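A.B. asks: Next come the chains, spelled out residue by residue.
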Amino acid sequence: MRSARVAYGGAIHSAIPHAQGLQLADGRVLAEQAVVWLPPFEVGTVIALGLNYADHVKELARELTVSAKDEPLVFFKTPGALIGHRGATRRPAGVQFMHYECELAVVIGRTAKRVKAVDAMQHVAGYTVCNDYAIRDYLENWYRPNLRVKNRDGCTVLGPWLVDAADVPDPHALALRTLVNDKVTQQGRTSDMVNGIPALIEYLSHFMTLRGGDVILTGTPDGVVNVEVGDEVVTEIDGIGRLVNTIVGDDPFGR
Amino acid sequence: MSLHPVLFDVPPYRLSGVMVGALLNDPAQLAALGDAVLTAPHKAPPCAPVLEIKPRHTQAADGDPITVPDGEDGLEAGASLGIVIGRTACRVSASSAMDVIAAYLICGDYSLPLASHYRPAVRQKARDGFCPLGPRIVPAANVPDPDALGFEVAVDGVVVQRGSTAGRVRSVAQLTADISEFMTLRPGDVLLLGRTHGVPTARVGQTVAISFSGLGRLVNRLQREPAALTEQA
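Chains as they are written, first to last, in this note's numbering: chain A, 1 to 255; chain B, 1001 to 1233.
These are calculated hints, taken from the structure and not from any lab test. Bear in mind that the values here come from a model prediction, so they are computed numbers and not experimental data. Virtual Cβ for every residue (Gly too), placed ideally from N, Cα, C.
The following label-pair restraints were derived from C-beta to C-beta distances:
id	chain 1	residue 1	chain 2	residue 2	range
1	A	I12	B	G1167	44 to 54 angstroms
2	A	A166	B	P1226	27 to 37 angstroms
3	B	C1090	A	I12	18 to 28 angstroms
4	B	A1166	A	A175	52 to 62 angstroms
5	B	R1162	A	A166	51 to 61 angstroms
6	A	G249	B	D1073	52 to 62 angstroms
7	B	A1094	A	P92	11 to 21 angstroms
8	A	R255	B	P1011	20 to 30 angstroms
Stretch by stretch, here's where chain A covers chain B in the computed footprint (C-beta under 8 angstroms, at least three residues):
id	region
9	1055-1066
10	1119-1130
Pulled from the structure, derived: some chain A residues nowhere near chain B, Cβ distances all over 12 angstroms:
id	residue
11	M1
12	N226
13	E236
14	D251
Start from the sequences and build out the full structure, keeping to the hints where you can.
C.D. replies: What follows is the structure, encoded as structure tokens:
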């Protein structure tokens, strides 16, 4: 089962896939581009992981003083950072390095407090795709990654579909990739996560109660490159979805 | 840990649950770090505001117990002014930032000791119930100078920290403006002006009372982790 949340005709609807695009719960069948796609569930707390793929750690190792053996690098996001499928993300004029990050997003379905890894998957409702942009020009070595890099308006893209956990037999065996203007720039496999989903749920739920709608962004593999205004960025995970985003400049925002 | 919603009778009438706190916003905190701000891993003093997010699980009410994790004797009992946003704010200037602020409240800012300021201190600071709020929301009109509010932290009735919101790296208006440059603030969002250097420690069994001039008194007791919580919910 897959579900989306979309805006259409003056209201917000839940929708399911259809051969011609999608079908609203009220029966209407619509083309993919006829609706405004929202994040596919009502998002609670957004929990993000940094440096959770071995190759990405290696990629950044020269500038970072961490190893994969360290405690998970966790940070949060606020709801204003989120946008849906086929949205536009602003690249501020003058920045040198803004990059996408293709990530498997794990959606919590049932309250989890002090859950052991062996029981953790029972608390997962499903999965979606995340493209979590970063603007590295703003990176500072204080509570890094700082909010100005990772919690900007419209810089965390989620969707298009929430895929039920029951339809994803092994979330640690998924191929993921990013295409910029149809060219593959990033490839990886969720099997290369440093901390897998059960370990992350055990770690997090030891000090914070996870609730339905909370989402864990599990990090990104090697292969992040700069994107420019006008680029179409597609982050996709086999069996989960294909998430489209377009980079825009300051003009539409009156800046 | 249940959050009794903090309700009030002026716009925006409720809190959104989005809370963003300033860290190292007291010049004395940075000064206490000395030359460490210039060496690895920091390499330079902070330029933009140093911020943290306090999600819904951290939020608690006046009177709620604060749970000290097993293996720890006590917690840092930080106190902060909370700034309640009243109007949507995107790229407001410091000179107009006061117009988007609806109210103020007291925020407790509890944490385990931090080994470093390099990484987000999520496990140390963003624990269940570590950010109690209240007891009341005071409309901005009743707080003539939020940048000169005196406060006290008392542990078991003994005042252990006295200070004021004056002399911050970023004032209430400047902090609001600088955050709104890259993230739109919405009605009911809360910003924390941040702790004051010299945060006291409180131990299990002790009661912490945080008072801000004109905002009331936020009281929470530190307790041991209840044994029953070893079960999954």
